[in-house]
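Asks: So the protein sequences, as listed, match chains A and B.
Heads up, the first sequence is in this note's numbering, so the first residue is 1 and it goes up one at a time.
Heads up, the second sequence is in this note's numbering, so the first residue is 1158 and it goes up one at a time.
For the record, the hints were derived by calculation from the structure and aren't laboratory data.
Any given hint might turn out to be false.
[To be verified] Taking beta-carbon pairs under 8 angstroms as the criterion, some of the chain A residues facing chain B (in silico):
{"no.": "1", "residue": "H291"}
{"no.": "2", "residue": "T292"}
{"no.": "3", "residue": "S300"}
{"no.": "4", "residue": "Q308"}
{"no.": "5", "residue": "A385"}
A virtual CB, placed ideally from N, CA and C, is assigned to each residue, including glycine.
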Amino acid sequence: MLSALLKFELQYHARQLSFKIAAVLFFALGVLFTYGSFGGAEVHKNSPYVITVTVGLLSLCCIFAATLFCANVVLRDTAYRMEAVLFTTAVKRRYYFTVRFLGLLGVTFVMLCCAALGIAVGAAREPGAIQLLSFCQPLLVFGLPNVLFSSSLLFCTAVLTRSARAIYVAGLLLYILYLIAAISGNSPMIATSVLKPGGPDALSVLTDPFGLSAFFGETRSWSNVQRNTRLFPLQGIFLLNRLLWTGFALALLAVCYRFFAFRIHLQPVKKAPATTQQKAVILSRYNVPVHTQGTAYSLSVFYSQLKQEVLFVCKHIPFMAMLLLWIFLYTVELKDSLTGPYGIHFYPVTGYLAEAMRTVRPALLLLIFYAAELLTREKAANMQALVYSTPAPDAVIWAAKCAMLAILVAILITANIGISVGLQLANGYHQPQWAVYASLYYYSGLPLFLFAILILVIQTLTPNKYLGMLLNLFVIALIIFSRRLGIAHYLLRYATVPDLLYAHMNGYGHYTDAFNWHMLYWCGFAIILALPALRLWQGGQQLTAGQRWRALFTQWPAKARIGLAVSITVWISCGIYIFYQTNIRGHYKSDNTQLRWQAAYERQYKPLAHLPQPVITSVSTTVALHPEAGSYTVTGSYRLQNISRAAISKIWVGVAASVSNIQITVPGALQQKANAAFHQYWFQLRTPLLPGDTLSLLFSLQTNRSGFTAFDSEHSVVRNGTYIELEKFVPFLGYNPGFEITDAYERQRHGLPAQQTTSAADTAYHLIDLETTISAPADQYVVTTGTLQGSWVSGQRRYFHYKTSAPVNFMFALSAAQYAVKEEKYKGVQLRICYTTGHEQNIAMMLQAMKNALDYCNRHFGPYTLPQLTLAEIPQYRGAATAYPGVIFSAERINFLASYRDTAQVNQAYAITVHETSHQWWANKLSPANGPGAALLTESLAKYTEAMVLEQHFGRKHVRAYLRADNNLYFGMRNTGEPELPLALTVDQPFVYYQKGGLALYAIRQALGEAALNTALQRLVCKHAWPGRRATPADLISELQQGATAAQRQVIEDNLQKVIVFALQLKMISCKPLPDGLYELQLRVRVNKTNAGISLPPNDNFDIGLFDGQQLTVQNYHFNKSTTVLTLTVKRRPQSVSIDPYGYVLEEDKTDNEVIP
Amino acid sequence: MYRLKIQQLTKSYGNGVKALDNVSLNISNGLFGLLGPNGAGKSTLMRTLATLQLPDSGQIFFDGLDIHQQPQMLRSRLGYLPQDFGVYPKISALALLDHLAVLKGLLHKKERQEQVLALLQQTNLYQVRKQAVSTFSGGMRQRFGIAQALLGSPQLIIADEPTAGLDPQERNRFLDLLSEIGEQVVVLLSTHIVEDVHDLCPEMAVLAGGRVIIQGKPAALTAALEGKVWRKTVSSASLQSYQSALQVISTRRTGGQIQVYVLADQCPDSGFEPFYPGLEAVYFSALKEGAIC
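Next comes chain B alone, as it looks inside the complex:
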């Protein structure tokens, strides 16, 4: 049962950049990972989903309602964590969260206070709740962002680069939280960290140059590549020749030498060894193919 349907979304900016190019996606409950390099159009898609931007063409339906026709309906069920955000200066976390809770429609004072305190606990900000958010460190501020995104009872949670700036422990706590919530609601997780998607998301898509270049379950996508990725350690001098002769999906430097990963049905050359593809290989190969197309 798809709850979020994105149909042929196109958006270009004044300077001629096509940020979204005919993007269509169908998303059901659960975590959905959106991978893509910088400038792929992820944030544009997120902002459009959050009704902060209108597309040039295309439609988005959530639970059957066109979100740009009835933005209010969507917003009352939306939890949005933007990629980069600030806060009013000199206002404590508690006061600000309470204010945002009112804006989100938590009118009942007692319920609101309970949820605000619970979320502050959950994001480990309870001890600093009386401090101004503007004085928070990057990680603390990010956690505050998470807390405000979970206010009310969001049915669609959009998290744009949520783990940026979190230390590994915090990141784990957050991802746990998301997957727990994600059972009943749609969680859209935009990231360029492949591991995040790999660990959590039953469904994913890769966005590049404004287009969806690959979509599916991470496991199925890695399975499809099995036996097609080869690895060889080469010198930096010979890298050039490999890149021109073979379909190199990525390279990695280790100890002064370079490992080349190549996409090929058979062993492309002597010295190559088969490599069990992770999601990262899927991502890189998709980007490569996207670029070739």
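Isolated chain A, as found in the complex:
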């Protein structure tokens, strides 16, 4: 009997349209996943790793499939009122329960199998044979238990409540709660999670019902070979996890079976009060006139229907529950957005909070759910005959439902604003900017509402409610992930706009303009979608497909026709305008076109790279900024000098792709040819330029940086806070290797050879004299490289004349904003901080940092030669700050709008300013030769200086936290799949030249002593500053090794030329009091040293620190065995003993470095 019933159940499932569609969708998702990038190009698409990732992630999506099947099939007796019949048949309770559940479990699992099939099909193009085991194992280890877990939860909800809505709510809650738990619990499944040393802890592995935290945590450090060949082992805590959750699911089912009543579910009926019989009276109020035409009628109907919808949605407990959940979720999310790297506390400035909650994607799930509920509401209540036989126009009722979704969006945004204001008050911030909050209804609400219309249209056109929801999920996912699927242009991505980057200086800035146009464009499109959908809407009518189709083309009321015509006009004209602004004026390139352009540039011009070209020795420019139009112009001239040994007869000039309206002339030369696609120009000199001779080149450029162009944080013209790294957007000579594709996979895809990272042959400095006049609207102040010679206002514009006093590197970024300026003369240097009024909190600290850093560097590395040092605030886009000769551009949020009142924490505004000031030596004074390891001479040395000045200013204890944070960041970021290079060879691995660089130089300083290290650095500066030869990592190493002992040489080599990490462990064997009042400590120290994963015998010195409650005593010991027993005699019983007490040794797990006797 059981098997016959089960067969019927499965066949019933298989007949459902929703089952077929879901199967196709899961298959498609499986195929789609093989196009994703999992752990790099080296991991095969049919490897156990990729299959497990896919099965694991899709088993989360199975929650939706199971919800659908559960509501559709498990509840069919209730929905079709079959219960009375069924429960009186001979079918036993046990069979009924078992069969229904197995049916659900079976079909949900089939979905995962479809996805696995999809992978097999999608991966057929890949190398590596398809192995059955690598499909079966993930399906059985992850798939089945996960499906069992989610379907048993949903099944129990279904059986106990017999309400489809309760099932949806349960499904949605399960999904959202899991994600929240994953995000707030810092699960390794979430891409942005911070890596904990040693992987996720046992508790978090155990409590993850889907087992993904174990998988992602463990495999994060797997090599490509492991990922290609190894199945995820079912052992240890992971095995326990699987058993635990399978057991939980079974126990849940057992409990549910116990309470499952095999009876008709009766609603408790409230006893109606006894009605007094009344005699039928003559109908006195019959024949009341009705008005069923005109606006007043439509409005009344709309209002009354909307009232019904609002009551329906809001007077519902699950809605309240969902809203509470929402508030919880976003409180966590927003609270997190106030904490930056290194534990920085940002001020809860309204705009940044608003930015963090502008795209509220989870709202789309709610919209899909409620769109389906609202549209089928009359049908579900069996009330359609009453409502749709009234003269109320279908369109008005539809509009009321649409308006309800708008209200829902507004409720969510209001909730977010409430959370945000609450957070501000809780943080003692009392100036919420209400206008910025109000603008969220537009910037966040309108795109969501446009999505709501699309969702409603799809739901309207789909005959089956559940199918409509599934289709909606699919379409929304397609839109959200369209960029990854290769559709990047915003004209093709429904209601999607470029990220609106917020800056406190500039609000949403010039992007708002483009946003408005895109919204108008999509509003037009939404109406074009909605009007025919309305014609096809069934409402209460039961029309055949043919009748609906006819209705689409006939009986359009005049108003609808006009509406459609207007929308089409608006849509097309906005489309044309946006296309013109983006593609024609804005030189739009899709990601792929951009790559092809880069590949073509390299192929065409790299062979010519050896052609000798003159160098630029002086630059003179006039720049006019036009923030209101989002554009700027540059006119200027170069002085070129032939420094080669041969005469040059051809000048080859290029300009960056984002610059338009280019005019270049070389007096005394003929423009020979030009390539407009690559902005390349050749000039034939009438008389060849002899060695040592000079020549001038004139140019004028105009660049459009409106909101329709792709945002470049280094090239932005905005109303307040313009920042342009101008040296990248003025003409250059010869071949520009900066245009080459750097990503190895993309290079291979475009048929380019792997990039060679050899040191540049040219190690000479090419310094320039710079003179520039920059004009901006009269309320702005402009900062750039050079000394301010003068500033004047003419007409509506203000002019700034800058000139360098000594030759500088070819670097001249500029910023312009409504700056307030704080100036101070310090030891002959004019210090200047340009900031926005209201951002004064950290200025004193930053000024102090500039002074301290100047003092330290002047004393140890050589004198500062420029007459000024300026720090200018720029909007926060990414990064913290950038240094130019004599100028530091400092991002507002991390430096100006973060709170460093907590003195236990490192003051990052101070640290960053020290770091950037030290770049005046480590980049500007001493420029490294291009090539591997160049960043060691800039960023690592700046990190070292930063640590030294911090230590001097705040003390060694303070620096410990700072070093520790760097250590954690290094270990969190280093598993990229690429082999890690040592510092002396580092390229493209910021965690090496920033975090490791700082720690490594700190370790060298510990070995050599600060004085010896600084003397070596001073020698390096002396030899390799202009007019000397630019420095290489080898120069640094040889300076360091001068006069070093063998042990010191090894430290230098280990830190700079190897990839050494340690694992230290300290254990207390005994702590005995000696008769003379002293104490004898016996300690066991384990040292594990590896170089790029290969074990080395230790031969190193480490600090042992004894803390007696007030003072830390540090002693250095040598270790040459993996286990050493140390016996120390101390005067007082220590409170704690630790190895590496300052925390500069690169070590993933530092928790076992300290013991308490």
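Guided by the hints, dock chain B onto chain A, whose structure is given.
Replies: Relative to the frame of chain A, chain B by itself:
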């Protein structure tokens, strides 16, 4: 003066069932009874009249206007009580009736409230007006349906099985109400209870298998059958032979025996007695003939 003209209405469903087969009817003010067994196509006809469904062919005119060309015109003068309906959950009778009144075009607030309260009184729901309709018993819900059908000033009232689920007292009250209103408007009463039609309707039709098989005034239809219906009490064993030999229009069991009603011009056999035909006999004989045809 015919107000509602149904002309050659045909409708078939996807599964091949012909729900309406060339139905033509002309109906004037007053109650019009539509009798028919289950599955005769009554509800399809009602839904088509309520513009909730389109026919495959044929037209319906109300006061000279084609209702499927201008559904809005009809709906603003329509009162429709469907056979089986539900309501939004958790909404009181008063609020729901008020909402439906707005949809029907009662824009004036005071007038609307007066009518809503009057109708609640009339259908004896005034005491429970603040209770959710979804918690009503079958009879109460049916009365609510009647109340909403009378909102506004409907010129065409379509009541599909309106007395189903009402107790005899309620049924009488409702029928009184209908006949009172029916003097000025068209009331289409679909039912399979012969008595309802007999008691109230000056005009009637019988629908079976999607076709109108008989139409006229109940009195005239019964008069036409007078002297043609015969009755005999027989044993259940001999029933078979009677059914094959004679035109049996119906049988009725009483006290273990069976009464056979036979249609014949003369006394068909010994033991048959003449029977004065009621509307029920008309209905059964029509069904019989319809089936034979």
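Asks: Please go over all the hints and tell whether each is borne out by the structure.
Replies: Hints, one by one, checked against the model:
Taking 8 angstroms as the C-beta cut-off, the interface hint given for H291 (chain A) holds, the closest approach to chain B being about 5 angstroms. This hint holds: T292 (chain A) has a C-beta 4 angstroms from the nearest C-beta of chain B, less than the 8 angstroms allowed. Nearest Cβ of chain B to the Cβ of S300 (chain A): about 5 angstroms, under the 8 angstroms cut. The hint holds. Interface hint at Q308 (chain A): satisfied, since its Cβ lies 6 angstroms from the closest Cβ of chain B, which is below the 8 angstroms cut-off.
For A385 (chain A), the interface hint holds, since its Cβ comes within 8 angstroms of a Cβ in chain B; the closest pair sits about 4 angstroms apart.
Checked against the numbered hints given earlier, this structure breaks none of them.
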